[in-house]
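Enquirer: Here's the letter readout for the chains.
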Amino acid sequence: MALYYTEDQAMLADSVTGFMADEGGIKKQLRHWRDTNCKDGFGHGLWKQFAEMGLTGMLAAEADGGLAMGHVEAGIVLAEIGRNLTPSPFLTTAVMGVTALSEASDELRGRWLPGVIAGETVLAMAIDEGAKHRPDKIACRAERAGNGFRLTGAKGFVIHGTSADALIVAARTSGSDSDADGVTLFAVPKDAAGIGHTAVRLVDSAMASHVRFDGVELDGSSVIGEVDGGRAVLNKVLSAGRIGAAAEQTGVGSGAFAMTTTYLKTRKQFGKLIGEFQALQHRAAHLYSELEIAEAVVIKAQQLLDGGSERAELMVSVAKAKAARACNLAVREGVQMHGGVGMTDEYDIGLYMKRERALTEFMGDANYHAERVAQLSGY
Amino acid sequence: MSDLESFRAEIRAWIEANCPEEMRRPVQDEGDICWGGRNFVFKSEAQKQWMEVCAAKGYTVPDWPVAYGGAGMDPAQAKIWREEMARAGARPPLSSFGIWMLGPALLKFGTEEQKVHYLGQVARGEIRWCQGYSEPGSGSDLVSLQTFGEDKGDHWVVNGQKIWTSYADKADWIFCLVRTDKANTYQGISFLLFDMTTPGVTTKPIKLISGSSPFCETFFDNVEVPKSQIVGQLNRGWDVAKYLLGHEREMISGAGGGEQTSTIGKVLTRNGLDDPMLRAELAQFDIDALSFAAMGEKFLDEIKVGKAHPAQPNMMKYAGTELNKRRHELLMAAGGSTALEWDSAETRGGAPARSWLRTKANSIEGGTSEVMLNVVAKRILELPGA
Ligand SMILES: Cc1cc2nc3c(=O)[nH]c(=O)nc-3n(C[C@H](O)[C@H](O)[C@H](O)COP(=O)(O)OP(=O)(O)OC[C@H]3O[C@@H](n4cnc5c(N)ncnc54)[C@H](O)[C@@H]3O)c2cc1C
Ligand SMILES: Cc1cc2nc3c(=O)[nH]c(=O)nc-3n(C[C@H](O)[C@H](O)[C@H](O)COP(=O)(O)OP(=O)(O)OC[C@H]3O[C@@H](n4cnc5c(N)ncnc54)[C@H](O)[C@@H]3O)c2cc1C
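For the record, the sequence lines run as chains V and S.
If you're matching positions, the first sequence starts at 1 in this note's numbering and goes up one per residue.
If you're matching positions, the second sequence starts at 1001 in this note's numbering and goes up one per residue.
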């Protein structure tokens, strides 16, 4: 398969790019919700528009009312979310949430997917427990109680946690914290008794939550997949989230880069456009090369994931690490090359830097994925 | 089965049936590369046989037209050919400047007669070419070149000196940039082809830091070149030269999946090293190598259908060669003091150190990294005054 968009994908990209430039822009979304101190950190109106565009159900099966598309298509949307820094529950809901629910019973899918596809329901992922992404270790416990389970423990970095209608929770149903087996995924409705939230605003203005589960009673029907066999589902969810975040980062990187090259062509110092200085030209050209390479490996990993390749897991980690490094370089060079104005809140370049930091941390930073690459490669 | 699937099956079976076992082992050194040419000494019968069976089918240049010695594969088929060759671990049947550089330039700028004549020779491995671009005073600033061709009616008389001419002492013919108008800088250069045995051509090998002498100083003393041996128009050789450089840069970048793109982390376990810092560096390298391999694949896919920026080979060359240099720095680090040995049997005659030193030329030959960045800044990013 060629490593560029098919005709259908190119058409999707065209329509999403136009739509997001009109509706998802920094002023209309990110700055608006940030400056009005929105408790959810994103606009539900845009989420509804996503549904009208058919984006919310991209990854859902046709039988569930979705479009049965793949990660290349989801990545097209995420890259535009990145380029526009649009606050959106798309990644946690339509990508990770739908990936999880696709493995769930008819009953659970019927309960949550129609709302997601209609742009009315938001899902959040409760996976990590500490400040760093360590999904191999799950201490949050769901003990058997009667016909169901009782959930106890804490989760952190739950993006959109307080606005979500349901949390997808990875909990331990047997074994010890670091066992691969014994993990079970649950879809926990927001109104279940015993859930406590501490909402926190993150550096990129997204709202996250520290969630406590204090003996939350769940019936058996909230289990996604097999009891104790949740690791396989979790791995799919993680891959979807990682490649999705990587795609979003390529968008953030290229958005920051576009702003920066525009600035190099307009700002004058020493009687010249600063873009004439070779010191800046070479750094910009190097950055271009890094961003191109990151985009290439992201689409490669998306295709492998969609094709069910055995190399997908490795390449998703490669893509997440590469996209993180390239995007990080883009925002650092972006702020630096803007000089003093790059430090101001008025200029958008700083907003790119903030989003990059959050995305890097989400689903594992570059070092985490480098470690995985070494392990998966057998050294 | 789709057409492409049956094509793949056919290619797979053909390679299986025709590629000798010995030609499926990784290339270890210069001697394993089949360059072809009048004076080429094959290292083994298998090497000769592999070149010949491929040439007979047009597989030395699979995507060239059949009329010029190729197999006429379209981009999708050529990609399958590359994938199946990689899958089988098969060595390229023939490597040459004729294939990588002159061929694409002739396909675009040559006359029908030139294409049939020269391309066929290249495809069959009969004639080996060298590249006469650089001069002592004209490296990065190539357009300042001084080698002069004086118009003598039906021929030119060429005088001057080239330098860094790779394999000039082994090549049969040269494609050469010659000034044919002293009053015009860019539009005063012509792209000439001539036989290295023409009277007045001499070469003098130069020894590299790696110890080998693959390139030469090349002198022209009243060399007569018939007018029929010009490619493109008189004084418009710069267009041909630049187009050819794009292909040269593509080749040096390793975009087609050369050693640059393969991972090296396993060297850690192979050498039994317990070195967490090196392991981390190797993992970072492998991420970059696998990412660049994807970039190479994407680039080739795109360039074949006109989707790549025409200046993209410059980016590829920059990224690919810098990556390859890093690769050999890490391999030296992983090799420790063993890798320092210059002529021991254990290191196959100092192969790690010699390869490491050789790779330093990657970001110089075919245009330096700094020049690549200049071109990207100017032509792709359209930065001012670049
Ligand atoms: C937090 C903060 C506090 C400050 N406090 C003070 C203060 O108290 N008093 C005061 O007077 N100023 C202050 N400044 C201003 C500061 O000194 C300037 O921002 C700085 O000198 C850069 O100038 P500039 O912002 O106009 O950027 P520019 O000069 O426009 O530079 C933009 C980019 O171009 C690059 N560039 C410019 N010229 C060249 C060249 N010739 N070659 C290569 N690259 C080049 C720069 O390195 C930069 O990356 C402050 C700035 C900040 C951010
Ligand atoms: C192994 C090898 C094989 C080669 N094979 C061939 C061959 O077969 N045929 C052939 O014709 N040539 C060949 N070359 C020559 C090669 O193309 C030149 O070496 C190359 O173009 C650089 O020219 P130079 O050596 O004169 O360096 P210079 O041009 O003198 O460069 C010196 C340094 O200055 C930098 N520099 C120059 N201009 C700029 C600028 N504008 N901005 C920023 N930095 C700049 C360069 O990047 C470099 O770091 C070969 C070279 C090597 C090393």
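For the record, the hints were derived by calculation from the structure and aren't laboratory data.
Don't be surprised by glycine CBs; every beta carbon is placed ideally from N, CA and C.
Keep in mind that the hints are not guaranteed to be accurate.
[Stated by the list, open to error] No farther apart than 27 Å at their CA atoms in a straight line, the calculated lysine-lysine pairs in the DSSO-like style are these:
| # | chain 1 | residue 1 | chain 2 | residue 2 |
| --- | --- | --- | --- | --- |
| 1 | S | K1242 | S | K1048 |
| 2 | V | K265 | S | K1307 |
| 3 | S | K1242 | S | K1115 |
| 4 | V | K354 | V | K28 |
| 5 | V | K272 | S | K1378 |
| 6 | S | K1378 | V | K268 |
| 7 | S | K1360 | V | K265 |
[What the hints assert, rightly or not] Label-pair restraints from in silico Cβ distances:
| # | chain 1 | residue 1 | chain 2 | residue 2 | range |
| --- | --- | --- | --- | --- | --- |
| 8 | S | K1307 | V | K265 | 41 to 49 Å |
| 9 | V | K39 | S | D1003 | 56 to 64 Å |
| 10 | S | V1027 | V | E52 | 50 to 58 Å |
| 11 | S | R1379 | V | K39 | 47 to 55 Å |
| 12 | S | P1020 | V | G378 | 29 to 37 Å |
| 13 | V | K265 | S | Q1146 | 46 to 54 Å |
| 14 | V | S15 | S | A1280 | 18 to 26 Å |
| 15 | S | R1379 | V | Q336 | 20 to 28 Å |
| 16 | V | G378 | S | K1057 | 48 to 56 Å |
| 17 | V | A258 | S | W1014 | 44 to 52 Å |
| 18 | S | A1345 | V | N367 | 39 to 47 Å |
| 19 | V | K265 | S | N1235 | 33 to 41 Å |
[Said to hold, decoys possible] Here chain V is said to cover these stretches of chain S; the calculated rule only asks that three of the stretch's residues, wherever they fall, bring their Cβ under 8 Å from a Cβ of chain V:
| # | segment |
| --- | --- |
| 20 | 1088-1100 |
| 21 | 1120-1131 |
| 22 | 1228-1239 |
| 23 | 1268-1279 |
| 24 | 1341-1347 |
Enquirer: Would you mind marking each hint as holding or not holding in the structure?
Expert: Hint by hint, here is what the structure shows:
Between K1242(S) and K1048(S), the direct Cα distance comes to roughly 33 Å. Violation of the 27 Å bound is thereby established for this hinted pair. At roughly 25 Å between alpha-carbon atoms, K265(V) and K1307(S) fall within 27 Å of each other, so this suggested pair holds. Restraint check for K1242(S) and K1115(S): satisfied, since their Cα atoms lie roughly 19 Å apart, inside the 27 Å limit. Under the criterion of a C-alpha separation no larger than 27 Å, the hint pairing K354(V) with K28(V) is consistent with the structure, at around 18 Å.
Distance hint between K272(V) and K1378(S) is fulfilled; the C-alpha atoms sit about 16 Å from each other, no more than 27 Å. Distance restraint check for K1378(S) and K268(V): the Cα-Cα separation of roughly 18 Å lies within the 27 Å cut-off, and the hinted pair is therefore satisfied. Simply put, K1360(S) and K265(V) have alpha-carbon atoms about 34 Å apart, too far for the 27 Å limit, and the pair is violated. In this structure, K1307(S) and K265(V) break the distance hint of 41 to 49 Å, their C-beta atoms being roughly 25 Å apart.
Separation of K39(V) from D1003(S) is about 57 Å and conforms to the stated range, judged on CB atoms against 56 to 64 Å. With their beta carbons about 57 Å apart, V1027(S) and E52(V) fall inside the hinted range of 50 to 58 Å. One distance hint, 47 to 55 Å for the beta-carbon pair R1379(S) and K39(V), holds here, with the actual separation near 49 Å. Take P1020(S) and G378(V): their Cβ atoms lie about 30 Å apart, and the range 29 to 37 Å holds.
Checked against the given bound of 46 to 54 Å, the beta carbons of K265(V) and Q1146(S), roughly 36 Å apart, lie outside it. A beta carbon spacing of about 42 Å between S15(V) and A1280(S) contradicts the range 18 to 26 Å that was offered as a hint. Checked against the hint of 20 to 28 Å, the C-beta distance between R1379(S) and Q336(V) comes to roughly 24 Å, which is consistent with it. Evaluation of the 48 to 56 Å hint for G378(V) and K1057(S) yields a failure: the beta carbon distance comes to about 38 Å.
Between A258(V) and W1014(S) the Cβ separation comes to about 47 Å, which falls inside the hinted range of 44 to 52 Å. At roughly 40 Å, the beta carbons of A1345(S) and N367(V) sit within the given window of 39 to 47 Å. Roughly 34 Å separates the CB atoms of K265(V) and N1235(S), a value that falls within the hinted 33 to 41 Å. A stretch counts as covered by a chain when three or more of its residues have a beta carbon under 8 Å from one of that chain; for the segment 1088-1100 of chain S and chain V the count is 0, and the coverage is violated.
Here's how the segment 1120-1131 of chain S fares: 0 of its residues keep a CB closer than 8 Å to some CB of chain V, so the rule of at least three is not met and the hint is violated. For the segment 1228-1239 of chain S, the proposed coverage by chain V is not satisfied: 0 residues have a C-beta within less than 8 Å of a C-beta in that chain, short of the threshold of three. Note: the segment 1268-1279 of chain S has 3 residues with beta-carbon separation from chain V under 8 Å; the three-residue rule is met and the coverage holds. Chain V is given as covering the segment 1341-1347 of chain S, and this is violated because 0 residues of the stretch bring a CB closer than 8 Å to a CB of that chain, at least three being needed.
The structure is inconsistent with the numbered hints 1, 7, 8, 13, 14, 16, 20, 21, 22 and 24, although it conforms to all the rest.
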